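Start from the sequences and build out the full structure, keeping to the hints where you can.
Listed in order, the protein sequences are those of chains A and B.
Position 166 of the first sequence, counted from 1, bears residue number 166 in this note's numbering, the numbering being contiguous throughout.
Position 108 of the second sequence, counted from 1, bears residue number 108 in this note's numbering, the numbering being contiguous throughout.
These are calculated hints, taken from the structure and not from any lab test.
Since this is a predicted model, take the numbers as computed values, not measurements.
We treat Cβ as the ideally placed atom computed from N, Cα and C, and that holds for glycine.
Just so you know, not all the hints are guaranteed correct.
Taking CB as the label site, the calculated pair distances span [stated by the list, open to error]:
| id | chain 1 | residue 1 | chain 2 | residue 2 | range |
| --- | --- | --- | --- | --- | --- |
| 1 | A | 195 | B | 33 | 21 to 27 Å |
| 2 | B | 70 | A | 40 | 50 to 56 Å |
| 3 | B | 176 | A | 336 | 26 to 32 Å |
Within a straight-line C-alpha distance of at most 35 Å, the following computed DSBU-like cross-link-like pairs (lysine-lysine) qualify [as the list claims (entries may be wrong)]:
| id | chain 1 | residue 1 | chain 2 | residue 2 |
| --- | --- | --- | --- | --- |
| 4 | B | 7 | A | 72 |
| 5 | B | 298 | B | 70 |
| 6 | A | 70 | B | 7 |
| 7 | A | 146 | B | 315 |
| 8 | A | 7 | B | 70 |
| 9 | B | 177 | B | 298 |
| 10 | B | 177 | A | 7 |
| 11 | A | 315 | B | 315 |
| 12 | A | 315 | A | 177 |
| 13 | B | 146 | B | 315 |
| 14 | B | 7 | B | 298 |
| 15 | A | 251 | B | 72 |
| 16 | A | 72 | B | 251 |
| 17 | A | 7 | A | 230 |
| 18 | B | 295 | B | 72 |
| 19 | A | 177 | B | 298 |
| 20 | A | 315 | B | 146 |
| 21 | A | 7 | A | 177 |
| 22 | A | 251 | A | 298 |
| 23 | B | 7 | B | 146 |
| 24 | A | 7 | B | 72 |
| 25 | A | 315 | A | 146 |
| 26 | A | 146 | B | 146 |
| 27 | A | 177 | A | 298 |
| 28 | B | 298 | B | 251 |
| 29 | A | 177 | A | 70 |
| 30 | A | 177 | B | 7 |
| 31 | A | 295 | A | 249 |
Number of protein chains: 2
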Amino acid sequence: MNQMTGKQSIEFQEPPHVISSASVVGPKEGEGPLGEWFDLIAPEADFGEQTWEEAESTMQSEALQTAIGKAKLLPSQVRYLFGGDLLAQLIATSFGSEETNTPLFGLYGACSTCGEALALASMTVAAGYADYAAALTSSHFGSAEKEFRFPQGYGNQRPLSATWTVTGSGAFVLAPKGGHVKVCGVTPGRIVDMGARDNMNMGACMAPAACDTIYQNLMDFNRQPGDYDKIITGDLGTIGQRILIDLLKEKGFDISQQHMDCGIEIYDSERQDTHAGGSGCGCAAVVLASMILPKIRKGVWKRVLFVPTGALLSKVSFNEGQTIPGIAHGVILEHC
Amino acid sequence: MNQMTGKQSIEFQEPPHVISSASVVGPKEGEGPLGEWFDLIAPEADFGEQTWEEAESTMQSEALQTAIGKAKLLPSQVRYLFGGDLLAQLIATSFGSEETNTPLFGLYGACSTCGEALALASMTVAAGYADYAAALTSSHFGSAEKEFRFPQGYGNQRPLSATWTVTGSGAFVLAPKGGHVKVCGVTPGRIVDMGARDNMNMGACMAPAACDTIYQNLMDFNRQPGDYDKIITGDLGTIGQRILIDLLKEKGFDISQQHMDCGIEIYDSERQDTHAGGSGCGCAAVVLASMILPKIRKGVWKRVLFVPTGALLSKVSFNEGQTIPGIAHGVILEHC
Chain A
1 MNQMTGKQSI EFQEPPHVIS SASVVGPKEG EGPLGEWFDL IAPEADFGEQ TWEEAESTMQ
61 SEALQTAIGK AKLLPSQVRY LFGGDLLAQL IATSFGSEET NTPLFGLYGA CSTCGEALAL
121 ASMTVAAGYA DYAAALTSSH FGSAEKEFRF PQGYGNQRPL SATWTVTGSG AFVLAPKGGH
181 VKVCGVTPGR IVDMGARDNM NMGACMAPAA CDTIYQNLMD FNRQPGDYDK IITGDLGTIG
241 QRILIDLLKE KGFDISQQHM DCGIEIYDSE RQDTHAGGSG CGCAAVVLAS MILPKIRKGV
301 WKRVLFVPTG ALLSKVSFNE GQTIPGIAHG VILEHC
Chain B
1 MNQMTGKQSI EFQEPPHVIS SASVVGPKEG EGPLGEWFDL IAPEADFGEQ TWEEAESTMQ
61 SEALQTAIGK AKLLPSQVRY LFGGDLLAQL IATSFGSEET NTPLFGLYGA CSTCGEALAL
121 ASMTVAAGYA DYAAALTSSH FGSAEKEFRF PQGYGNQRPL SATWTVTGSG AFVLAPKGGH
181 VKVCGVTPGR IVDMGARDNM NMGACMAPAA CDTIYQNLMD FNRQPGDYDK IITGDLGTIG
241 QRILIDLLKE KGFDISQQHM DCGIEIYDSE RQDTHAGGSG CGCAAVVLAS MILPKIRKGV
301 WKRVLFVPTG ALLSKVSFNE GQTIPGIAHG VILEHC
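Given below as structure tokens:
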């Protein structure tokens, strides 16, 4: 029952299906170009809570319960949950997933966590370890700024290379069958460290990791970029996108026709003043739930390579002068 | 190919094997009762590095390379790595595992991470997704005090209920066959929140989660405590141990004959002034590598339930007045 393909990918013999998804976002995301497609847009970014962290947990809880409800399941039918967020010690997830009482695998892959969670949930369902498994990730502008950058009260200036952390949570339920989207394979990513150190230019930190994972996916499955209708990264933004396309050209692949980035799609950067794009664990997750999966369900796109990207820094590692390595996990989604 | 058993456990039809393990610790752990069994004891807790965080990464890197070497493998033969630590955004793991270039699933389950990593690595190998997978976790007294408590320079007093974070890293290589220890099943844990809020009494925060996972394991596999030679928790310490035994008695199971706690074993608390015991992701990992696995290999113990325990707090959640939920992941290890 060997399901390994190539150097680092898995090709499922019995592909699991994404049977439902949900997206919950804040008001800024609701005002963006994808506004009409989200399941729930909160009127205020605090989601009625006292702290940004609790707001993020509430958002996760809403997303998870909505996805489970759409799948017409009870929370107790979901056997395992794969979840994570950007905060230290995953507190958004710990408090956001507590209510459902589901056994939890806590994950951290920075903004790539949505890919990591989908990969592991798919691997779990495809192996017969669960009838239903869920993947859940989130980020919140308020909690992320506090975690990684400056207190918001400082009103610090953001350079044009900076991205805006998405306030949003996406949840997904996977099962052996059902619905019109299947996960045919995954390419878990390696850490790629090119020595970048600018935490206001995360696209540049993550693009080499995206390149590595996409390249490896094409090699492992013996494909060309044109074999995918779309190759969609998580949150490279406009600068990271240029770097990614250039890096892959150097390796012999031109993905300029197929490439799309969730961070570029989620905001109207001119009107919303978000600079290079959106970012965060929630960015790829809510764009997947609201826009990518519906297009695959309808067959507009037949095969998509979804590649959430993460920058592996903390404020401690940054302040100690460490580099910012990147990681990206690839998930192959197909219409069925 | 249904491998689900009971409510939340997995019973492997083809159990993967733990083919090698390695433990790397600091000087205090080397002076403890398990000193002679560790693979490497650093003369200084800084491992020759400039910061506690880099020291922890170096420790991880040593542990991983030692385990891979003992398995007579090249790093490139390990297909996937499941790793984590206690630090915000897993920086010890990001920088500690970078060198091997192995696709990484970053995990966070507080001090339960060793169980989470072993569970996922086992699930991955048993499903035919990898020939070799590795599990890697660490903690460091210096980096953990900085992350969770007070700057060490304050010289703050620790109450007798407090545990001492172990400076140590454990690494494990899993494969479909080889060696004399197999992973027969896993019981991934749920978050259990009894409302405890004392970060100087982590044993009390985690004991209810350990109780929940052990109880569920016994129910799912239809076993009695006596069916295990040992039931070994990660880092409950002396206070948590009493609570766990009492809670399970209330549920009809007496584990007082089988129970052992890695946190109690690793230090001589009288002589080493460690109070309630050792703790941290590294605690369960290095006790497993140095003492538990060798006893199973030799057949001294035929079947062990290994249950690393985690307390899901961050300094932000703690300072915002949140509770400290617990989680525990169970792994069944058998002699073969």
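For this session: Could you grab the alpha-carbon distance between residue 7/A and residue 72/B and see if it respects the 35 Å cut-off?
Result: holds, 20 Å
Exercise. Is it true that the CA of residue 177/A sits at most 35 Å from the CA of residue 298/B?
Worked result: Since the Cα atoms of residue 177/A and residue 298/B sit roughly 44 Å apart, the hinted pair is violated (cutoff 35 Å).
For this session: Sort out whether residue 72/B lies within 35 Å of residue 295/B, counting only the CA atoms.
Result: At roughly 21 Å apart (the allowed maximum being 35 Å), residue 72/B and residue 295/B satisfy the hint.
Exercise. Holds or violated: residue 298/B with residue 70/B, Cα cutoff 35 Å?
Worked result: Given pair residue 298/B, residue 70/B holds - Cα atoms ~17 Å apart, limit 35 Å.
For this session: Take the C-alpha atoms of residue 146/B and residue 315/B, compute the straight-line distance between them, and say whether it is at most 35 Å.
Result: holds, 10 Å
Problem set entry | Holds or violated: residue 251/A to residue 72/B, with C-alpha atoms at most 35 Å apart | Holds, because 33 Å separates the two Cα atoms, which is no more than 35 Å.
For this session: Take a quick look at whether residue 177/A and residue 298/A sit within 35 Å of each other, Cα to Cα.
Result: Roughly 17 Å between the alpha carbons, so the hint for residue 177/A and residue 298/A holds.
Exercise. Would you say the C-beta atoms of residue 70/B and residue 40/A sit inside 50 to 56 Å of each other?
Worked result: Cβ of residue 70/B to Cβ of residue 40/A: about 51 Å, so the range 50 to 56 Å holds.
Exercise. Do the alpha carbons of residue 7/B and residue 72/A lie within 35 Å of each other, as the hint requires?
Worked result: holds, 20 Å
Problem set entry | 35 Å Cα cutoff - pair residue 7/B, residue 298/B | Since the Cα atoms of residue 7/B and residue 298/B sit roughly 32 Å apart, the hinted pair holds (cutoff 35 Å).
Exercise. Holds or violated: residue 177/B with residue 298/B, Cα cutoff 35 Å?
Worked result: Given pair residue 177/B, residue 298/B holds - Cα atoms ~17 Å apart, limit 35 Å.
Exercise. Does the hinted range 26 to 32 Å hold for residue 176/B and residue 336/A at CB?
Worked result: holds, 31 Å
Checked against the numbered hints given earlier, the structure breaks hints 1, 12, 19 and 23 and satisfies all the rest.
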